[in-house]
Amino acid sequence: GAGVSQSPSNKVTEKGKDVELRCDPISGHTALYWYRQSLGQGLEFLIYFQGNSAPDKSGLPSDRFSAERTGGSVSTLTIQRTQQEDSAVYLCASSARSDYFVAHNEQFFGPGTRLTVL
Amino acid sequence: AQSVAQPEDQVNVAEGNPLTVKCTYSVSGNPYLFWYVQYPNRGLQFLLKYITGDNLVKGSYGFEAEFNKSQTSFHLKKPSALVSDSALYFCAVSSLGGGGFKTIFGAGTRLFVKA
Chain A
119 GAGVSQSPSN KVTEKGKDVE LRCDPISGHT ALYWYRQSLG QGLEFLIYFQ GNSAPDKSGL
179 PSDRFSAERT GGSVSTLTIQ RTQQEDSAVY LCASSARSDY FVAHNEQFFG PGTRLTVL
Chain B
2 AQSVAQPEDQ VNVAEGNPLT VKCTYSVSGN PYLFWYVQYP NRGLQFLLKY ITGDNLVKGS
62 YGFEAEFNKS QTSFHLKKPS ALVSDSALYF CAVSSLGGGG FKTIFGAGTR LFVKA
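Taken in order, these protein sequences are the chains called A and B. Each number in the working numbering comes from the position in the first sequence (counting from 1) with 118 added on. Each number in the working numbering comes from the position in the second sequence (counting from 1) with 1 added on.
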C-alpha cells in the first residue's frame, strides 16, 4: 500500500517568501506529525494532529509557522516570511491510532521536503 | 521533563563484529521506546519498539534492543554488523503524562560499519 507522501520533494525560495509543504498520510492513520531535521541533526518536533482534537502546536518555533489538516487527512505546513534559518528537511509522519494507545504506535515517515531559503 | 539522550554522535565498528548504539531516557510516566533508522537519502524507518513485557525486543534487519528500567536505557544491538547497516539511528520515547501524549527523538547516532 502507499506510504506517507510529501510534496514538493525540494523547494528553493527567497528570503521573505511564503511556502506551503504538503503531507498525505497513510490512509486510515488518524495521527499526523510534522518534524524538522537540520543537516545531519536530530528531529525537532513541530506539531501533532490527533483525530479531531485540537493540535499540539507546542513545537512550532515562531508564529510564522502554521499547519492545518483538512478532513482528517492531508496536512499543509505553511511558513510565512521565510528566513535562512528555516532551511531544513521537513518530515511528516503518521501513525495508526488516535486514542489512548497512540503512544504505543510507531510512526511512518514520508521522504521529506528539503527547503532551501536563499 | 521528558528527554532522550544518545551519548555517541558516531559509532564505528568492523563488519562482522557486534554493535551497540546507546540510548537513555527520562520520562514521568511509563516509557514507550522506539528505534528508527535513516539510510542515506531515504526516509526514517521503524526498527523496533518496547511497550511492555519481555525486556529484549527484536526488530527488523536482525536488530534487537534491551529495555533496562533501573538504568533507564534502551540500547540497540546487533550480533554481527553489516556494511549495509551504516546509517543514522534515532532513539525515541513516547509517554502519556499530565501534558498529554509526547514523543521525543534523540539527536541521532551515525553508525559506520567498515568492511
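No wet-lab data here; the hints were simulated from the structure. Be careful, since some hints might not be right.
[Unchecked claim] Which stretches of chain B does chain A cover? Using the computed rule of at least three CB atoms under 8 Å from a CB of chain A, they are: (1) 47-55; (2) 61-67; (3) 70-83; (4) 104-110.
No residue lacks a Cβ here, since even glycine has one placed at the ideal position from N, Cα and C.
Checklist entry - Against chain A, does the region 47-55 of chain B show at least 3 residues with beta-carbon separation below 8 Å? => result holds (count 3)
Next on the checklist: Using a Cβ cutoff of 8 Å, are there at least 3 residues of the region 61-67 of chain B near chain A, or does the coverage claim fail?
Outcome noted: violated (count 0)
Next on the checklist: Between the region 70-83 of chain B and chain A, are there enough contacts, at least three residues with CB-CB distance under 8 Å, for the coverage claim to hold?
Outcome noted: violated (count 0)
Item to check | Three-residue Cβ test at 8 Å for the coverage of the region 104-110 of chain B by chain A | outcome: Since three or more residues must qualify, the claim that chain A covers the region 104-110 of chain B holds, with 6 doing so at under 8 Å.
The structure shown violates the earlier hints numbered 2 and 3.
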